[in-house]
Amino acid sequence: MKYIIAVIQPDRLEIVADILAAEEINVMTVTEVLGRGRQKGVAEVYRSHVQAGNLLRKVKIEVAVPDERLWHAVDAIKRGAYTGSIGDGKIFVLDLQDCIRIRTGEQGETAVF
Amino acid sequence: MIDSGDTAWMVMSSALVLLMTPGLALFYGGLVRRKNILSIFMQCMAAVCVVGLQWVLVGYSLAFGHDHGGLIGGFNYVALHGVGLDPNPVYAATIPHLLFMIYQMMFAVITPALIIGAFAERLKFSAFLVFAVLWATLVYDPLAHWLWGAGGFLKVYGALDFAGGAVVHISAGMGALAAALVVGRRHGYPETGTPHNLVLVALGAALLWFGWFGFNGGSALSSGKISVLAFVATQLAAMAGAIAWVCLDWVLAKKPTTLGLLSGLIAGLAAVTPAAGFVGPMAALGIGAIAGALCYLSVMFVKNRFKYDDSLDAFGIHGVAGSWGILAVGLWASLALNPKGANGLFHSHAHQLLVQFVAFLVAAAFSFTVSFILLKVVDKLMGLRVTKDHELIGLDLTQHKESAYTFLG
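First to last, the sequence lines map onto chains X and L.
Sequential numbering from 186 applies to the first sequence in the numbering used here.
Sequential numbering from 2 applies to the second sequence in the numbering used here.
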């Protein structure tokens with residue numbers, strides 16, 4: 186099993202979710218996060234208080250997938266999140282040790298989707 | 002003779018000025034970090050309550066009571082004794098005396114609340130309560146008497162302050178400067194966070210602008226020519242102040258900012274406050290624009306140069322704008338517009354400018370000095386600041402056991 190963490194532009198979320206749904210991947214967790222890449226964010230000015238570079242609003246999508254679906258999911262996220270501009274984000278892939286469905290107690294790959 | 006038109010307008014104006022204190026709370030509240038927003042509201046609304054109480058018990062009498070030596074009112078109006086529904090012909094002959102009292106109360110309660118901007122995010126609530134009531138008694142009430150009370154020495158001298166440029170803005174502004182110096186900088190200065198919600202600031206500014214029509218328009222104490230003169234001046238000065246600040250922002254900081262526009266309009270409003278009923282519309286534009294520019298320079302350059310933590314620019318905006326406004330009366334005042342005013346420099350009467358300058362000096366020096374001493378005394382008695390740990394956790398939780406924004410539930 187693998188765990189995907191993707192940080193993307195907030196307004197690409199719906200598109201990513203739609204493409205994932207088309208791949209029959211519906212289970213996910215989404216959070217609002219702050220982040221920045223190599224550009225170190227955008228300057229902000231509040232009267233005499235100047236912040237040279239700041240964290241920007243992003244969205245983090247987390248999806249657990251069985252091994253054989255990994256690249257379908259990564260591909261879907263890439264296609265949905267891509268705009269070609271700086272700030273599109275990153276996708277991280279982690280090994281997932283286990284997964285448990287709380288309601289039924291299922292464990293392992295059957296609990297993932 | 003009670004005039005129902007005057008009374009209706011003054012009742013409305015009193016309500017409008019009251020609205021300015023919660024408006025101020027929104028304005029200041031949006032500027033601080035989220036962990037401290039409730040402390041701003043608590044201090045503002047508590048000021049309304051405790052200073053209001055002080056006002057009806059003794060403050061009104063000290064400000065507007067029977068004069069003693071030109072310096073202070075007596076105790077003849079203590080607990081509103083003698084303040085009834087018949088007009089007080091000395092102050093406002095066409096409205097009930099009680100209405101004049103309550104209208105003035107709204108000024109008395111918002112003035113100490115303005116000072117909150119200087120010590121935001123680090124003052125103990127208990128210390129604030131004590132400070133607010135004592136400041137009202139020792140600074141506001143005497144100054145109100147000198148400029149507005151019958152027999153007050155500055156009023157007798159001919160100084161003009163239509164709605165509180167000196168009584169409210171200079172006094173609060175200098176009190177704020179004193180507070181910034183006595184209380185000291187926030188922990189971590191200059192890294193002190195950013196405004197947590199500019200939308201609240203915008204909402205607060207809108208309510209302040211709206212309420213200011215009562216602040217200035219109502220200072221005519223009547224409904225008619227002068228209230229309209231003041232109303233128009235108020236609007237124009239706000240607009241001009243906003244335009245001036247945004248222009249400077251755009252040119253010097255490369256981008257027009259929302260906070261800049263809001264700050265500029267407040268600067269314009271504060272500056273026109275002493276002048277609103279004495280000057281014409283074009284003068285109001287000039288007063289507002291120059292106020293926007295002066296406050297911009299004060300906030301953007303002077304504060305950082307001298308490194309005092311006037312957190313929300315209470316001195317930078319109210320102190321500077323009020324000072325400029327009081328002097329501007331000496332430039333643009335016109336007897337033709339308001340026979341109860343005077344002619345200023347631009348109407349061939351340079352003397353008024355000198356009179357206004359003296360009023361500015363007296364108000365500024367008095368407020369700064371007494372505020373400074375009062376703060377030191379309160380600090381000695383009970384401590385002004387919260388502990389560093391509490392400052393880091395935030396005042397809402399440590400002073401009030403509350404959280405404004407719940408993340409869960």
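None of these hints come from the bench; they were simulated from the model.
Take these hints with a grain of salt, some might be off.
[To be verified] To give an idea of the interface, some chain X residues facing chain L are shown, with a C-beta separation under 8 Å as derived from the structure:
hint, residue
1, ARG223
2, VAL227
3, TYR231
4, SER233
5, SER270
Each residue gets a CB set at the ideal place from its N, CA and C atoms; glycine is no exception.
task: Using Cβ atoms only, decide whether X:SER270 comes closer than 8 Å to chain L, and label the hint accordingly.
output: Constraint on X:SER270 not satisfied, violated at 20 Å.
query: Would the hint on X:ARG223 stand, with a C-beta cut-off of 8 Å toward chain L?
result: violated, 23 Å
query: With a cut-off of 8 Å, does the beta carbon of X:SER233 approach a beta carbon of chain L closely enough for the hint to hold?
result: holds, 5 Å
task: Verify the interface restraint on X:TYR231: the C-beta must sit less than 8 Å from at least one C-beta of chain L.
output: holds, 5 Å
query: Would the stated hint for X:VAL227 survive a check requiring a Cβ distance to chain L of less than 8 Å?
result: violated, 11 Å
In this structure, the hints that do not hold are numbers 1, 2, 5, in rising order.
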